Amino acid sequence: MSKILITSALPYINGVKHLGNLAGSMLPADVYARAMRLLGHEVLYICATDEHGTPAELAAQVEGEETAAYCNTMHEAQKSAGDKFKLSYDYFGRSSSLNNHKLTQHFANILEERGLIEERVSQQVYSNADGRFLPDRYVEGICPNCGFEKARGDQCDSCGKLLDPIDLIEPYSAVSGSKDVEIRDTNHLYLKQSSLSGDLLDWVNKAEGWPHLATSIAHKWLAEGLRDRSITRDLKWGIPVLNADGSAREGFEGKVFYVWFDAPIAYIAATQDWAEENGKDWKSWWRTDAGAEDTKYVQFMGKDNVAFHTLSFPTTILGSGEPWKLVDCLKAFNWVTWYGGKFSTSQKRGVFMDQALDIAPSDYWRWHLIANAPESSDTAFTWEEFQLSVNSDLANVLGNFVNRITKYACGKFEGKVPKGGKKTAAEEWLLKELNQRIPLLISFYEKREFRKAMSETRAIWAAGNEYLTQAAPWTHYKTDINQAAMGVRVGLNLVSLFGILAQPIIPDAASKILDAMNIPENNRSWNFGSSEVITKLIDALPFGHEINSPNVLFAKIEDNDVEIWAEKYKGND
RNA sequence: GGUGGGGUAGCUCAGCUGGUUAGAGCGCAGGACUCAUAAUCCUGAGGUCGUGAGUUCAAGUCUCACUCUCACUACCA
418 MSKILITSAL
428 PYINGVKHLG
438 NLAGSMLPAD
448 VYARAMRLLG
458 HEVLYICATD
468 EHGTPAELAA
478 QVEGEETAAY
488 CNTMHEAQKS
498 AGDKFKLSYD
508 YFGRSSSLNN
518 HKLTQHFANI
528 LEERGLIEER
538 VSQQVYSNAD
548 GRFLPDRYVE
558 GICPNCGFEK
568 ARGDQCDSCG
578 KLLDPIDLIE
588 PYSAVSGSKD
598 VEIRDTNHLY
608 LKQSSLSGDL
618 LDWVNKAEGW
628 PHLATSIAHK
638 WLAEGLRDRS
648 ITRDLKWGIP
658 VLNADGSARE
668 GFEGKVFYVW
678 FDAPIAYIAA
688 TQDWAEENGK
698 DWKSWWRTDA
708 GAEDTKYVQF
718 MGKDNVAFHT
728 LSFPTTILGS
738 GEPWKLVDCL
748 KAFNWVTWYG
758 GKFSTSQKRG
768 VFMDQALDIA
778 PSDYWRWHLI
788 ANAPESSDTA
798 FTWEEFQLSV
808 NSDLANVLGN
818 FVNRITKYAC
828 GKFEGKVPKG
838 GKKTAAEEWL
848 LKELNQRIPL
858 LISFYEKREF
868 RKAMSETRAI
878 WAAGNEYLTQ
888 AAPWTHYKTD
898 INQAAMGVRV
908 GLNLVSLFGI
918 LAQPIIPDAA
928 SKILDAMNIP
938 ENNRSWNFGS
948 SEVITKLIDA
958 LPFGHEINSP
968 NVLFAKIEDN
978 DVEIWAEKYK
988 GND
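Sequential numbering from 418 applies to the first sequence in this note's numbering.
In case anyone wonders, no lab produced these hints; they're calculated from the structure.
Note that the structure is predicted; figures quoted are calculated from it, not measured.
Keep in mind that the hints are not guaranteed to be accurate.
[As the list claims (entries may be wrong)] Distance condition first, Cα-Cα at most 25 Å in a straight line; then the derived SDA-like pairs of lysine to any residue:
1) Lys-824 <-> Trp-891
2) Lys-501 <-> Trp-891
3) Lys-985 <-> Ala-972
4) Lys-503 <-> Asn-968
5) Lys-742 <-> Gly-719
6) Lys-824 <-> Pro-778
7) Lys-759 <-> Lys-824
[Stated by the list, open to error] Pair ranges (Cβ atoms, derived):
8) Ser-595 <-> Asn-813: 52 to 60 Å
9) Ala-842 <-> Asn-813: 24 to 32 Å
10) Glu-801 <-> Glu-599: 51 to 59 Å
11) Arg-941 <-> Glu-667: 37 to 45 Å
12) Glu-641 <-> Ile-583: 21 to 29 Å
We put the beta carbon where it would ideally sit given N, CA and C, even for glycine.
With the hints as extra help, turn the sequences into a complete structure.
This is the structure we're talking about:
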């Protein structure tokens with residue numbers, strides 16, 4: 418039993434997230450959190466909406482709302498989508514919370530005291546028509562390299578060349594289209610992460626259990642040499658830049674902290690919010706001087722987030738000189754792509770969390786996305802693969818197993834766990850399988866190897882079907898009802914076991930199975946410590962214990978459905 | 001352009017520090033069974049491991065070059 422702190426990368430506030438976001442951070446974090454809870458660990462799973470930055474302001478403007486009001490609405494929408502996907506956050510907070518304001522300002526002040534922040538002047542495009550500074554990618558114009566007319570200020574989408582907004586010919590604001598733009602000086606705070614690169618390198622070198630993807634990205638940035646990063650922006654919506662005494666900082670009246678400075682700090686602030694709302698202690702999770710030295714901290718994120726979590730956020734933590742908890746295991750994922758291309762909100766390509774649940778129940782998505790998690794490379798989502806996962810794994814292998822044996826028990830044994838019969842080679846074989854596969858399954862969960870865990874789960878389900886073929890209670894029933902009882906009894910115990918093992922992945926179906934089997938809530942945890950325990954699993958239900966059939970657990974996806982969805986979500990390109 | 005991930009059976013992917021006939025699931029072919037959502041179980045056919053060199057007694061596994069693909073490239077997040 419240990420304490421495990423889990424965070425998933427904060428979903429940006431700007432709209433309900435697509436399946437790629439779900440599959441690369443929130444969902445695996447949830448599956449891991451659920452598995453660790455079942456193993457008896459003390460788990461705290463924290464997430465929050467990342468609410469600051471230019472896109473939030475602009476999205477609110479489009480909706481004709483105040484930014485804060487827009488964020489309220491979108492936070493609720495994302496929270497609701499997460500609930501419907503059965504994401505078991507202990508707390509789903511907001512980076513705009515008061516605690517995050519205070520904590521972000523605290524970090525900025527202490528970093529400045531320690532000489533890790535300094536003020537510098539830079540040049541930035543200002544749009545007179547919009548009355549705002551524009552981030553590089555919100556400035557568009559003609560590419561000086563290839564002549565493409567809609568090149569962005571950071572990069573040309575046509576020739577791929579990296580640009581500076583100053584280079585653009587006839588630049589205009591991507592927000593309003595106005596050509597009334599100019600370069601202005603603006604002063605900002607810079608985080609001197611370069612001065613900590615030695616410490617960061619030592620820390621990354623000590624990392625254990627990180628995917629290759631995570632360490633290699635960190636090493637790449639460190640090898641190139643860290644540049645100091647600006648941590649403030651010319652925006653209204655965000656965390657104000659204040660002096661240590663809380664007064665406004667001169668020259669920073671119209672500025673706020675950069676989202677990437679305050680967003681990771683929100684992991685901590687959201688824990689504070691959780692603690693305040695629930696009468697809990699947050700320090701024992703985050704302060705190594707207050708109990709967190711025993712906490713194992715695991716972060717989940719897509720590969721785009723790795724640099725921020727291995728470099729800039731650790732700079733904040735290490736630079737503070739305060740005893741904050743650093744991440745122990747950083748689980749990074751590649752992307753889920755939409756038929757090999759990018760998900761795109763503007764082109765309506767891909768499926769978003771809210772739409773997904775109109776198409777199929779959350780369990781279907783959870784299984785498919787985790788069984789095909791983009792762990793070692795990008796993974797293409799296709800409707801055909803989705804259909805295959807659901808029909809083959811969930812409906813045929815698991816669903817049909819549960820259905821065939823529970824129906825049979827209800828029909829021939831009055832829905833009661835029968836006694837009688839003796840162990841045969843079939844039971845021996847089954848026990849050997851379980852003794853080998855269950856510990857392996859647990860170890861895959863502990864190592865956060867999701868594809869392997871799912872493949873092992875499936876193999877255990879398949880072993881149930883094979884057992885029934887070997888035991889063939891329907892054959893014995895004609896000549897030796899006691900031996901038929903043996904097969905049915907073991908089969909029913911397997912149904913319970915499968916329900917118990919399926920809980921982290923497909924919580925709804927697992928509940929249905931366990932409810933039908935009349936397994937009490939407090940008897941559903943994972944306790945597979947020894948081979949004796951595993952041996953007892955196939956004879957755990959008492960004789961005469963009443964069960965029901967949950968009937969059809971997973972409706973199959975028809976070819977016709979696939980055609981309709983493919984047409985509806987094909988995108989506009 | 002630079003850097004990183006990936007390129008292994010028709011498809012999706014395993015293959016740790018190099019070591020006997022390269023694995024799994026799906027799909028396909030044949031067979032078995034009939035309790036079950038025309039489900040399940042068994043057997044089988046499929047691969048010169050992106051290309052070309054090199055190191056080695058031995059390379060999918062190490063080195064180099066090339067190539068394809070995806071991503072990142074610091075003010076989108």
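**Request:** Mind listing which of the numbered hints don't hold for this structure, in increasing order?
**Result:** The structure conflicts with hints 2, 7, 11, although it agrees with all the remaining ones.
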